[in-house]
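Enquirer: Each chain, letter by letter, is given below.
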Amino acid sequence: MELTFYIAAAVAVLATIMVITRYNMIHALLYLVVSFMAVAVVFVTMGAPFMAALEVIVYAGAIVVLIIFVIMMLSLTREDVEQEKAWLQPKLWVGPALLSFVLLAELVYLLVIADMPAAPAVAGSYVDARAVGLALYGPYVLGVQLSGILLMAGIVGAYHLGRQKKKVIHRFLQEKEPQKERSAVL
Amino acid sequence: MSAIPMETGLLLAGVLFMLGLISVMIRRNIIFMLISVEIMLNAAGLAFIVAGSHWAQPDGQIMFIFILTMAAAEVSVGLALILQIHHQLKTLNSDAANFMKG
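Taken in order, these protein sequences are the chains called A and B.
Going by my numbering, the first residue of the first sequence is number 1, and it counts up by one from there.
Going by my numbering, the first residue of the second sequence is number 1, and it counts up by one from there.
Bear in mind the hints are in silico, worked out from the structure with no lab data behind them.
We put the beta carbon where it would ideally sit given N, CA and C, even for glycine.
Just so you know, nobody snuck in bad clues.
These stretches of chain B come out as covered by chain A in the derived footprint (C-beta under 8 angstroms, 3 or more residues):
#1 12 to 22
#2 29 to 38
#3 49 to 59
#4 66 to 79
The whole structure should be built from the sequences, with the hints applied where relevant.
Expert: This is the structure we're talking about:
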């Protein structure tokens, strides 16, 4: 089980590195699916199989497919890949990458010197879906309702923002086919 | 199951979060920035799962469910915004959308 965790962790990190270095969006998204799958394997080794299933269904399934659909709607061409390659010059990414590595080094140092509280003496760390469901609809039921409100706001916001508004131009300013436009109004 | 030390899981979450942070800073394409935000949210959820597994409590997994809900709502609104920006500006460059004149 330990070896499985380390292999999955290495796959997740490598796939994420591939995501952030690709120039083609579809390639990056396919590597992102691999990364999410590896994180799902990590969840299984951590004793959370229900969350692993949710990770595959929602992240690797719904969210990535949604992004792929939007990329298909945008109809990107080879020039966009070239543009992406032109934007990603080493002198642009070296600075942020170095500063982020400094932050990561600090985090590693703090994690190493900190003495983690010992795990309670329970048989394994496996938490099944039943315990999660009982806690979710017991003490956390307010959070579930807030999540519902958030999803509702997300639906309304996505519909409102995604609507393509029809341009309204005064008929004196219209240049092409004024006759057809008037008949359409009538 | 509890043979994996907690530090290792938190380190994995930290590394994934840092990769997403780097990507959101160095990219200029809005879709890549949205993908990077997804990576960072996933890393935050992984940290919750690791902590919940350490104490064998369901609270970490519940927080992951909430993060998942938030990520789904965020990506739908973000993609609608991306479609609108692409429709208005005919580009995916985030620098082109910095005037904010309605």
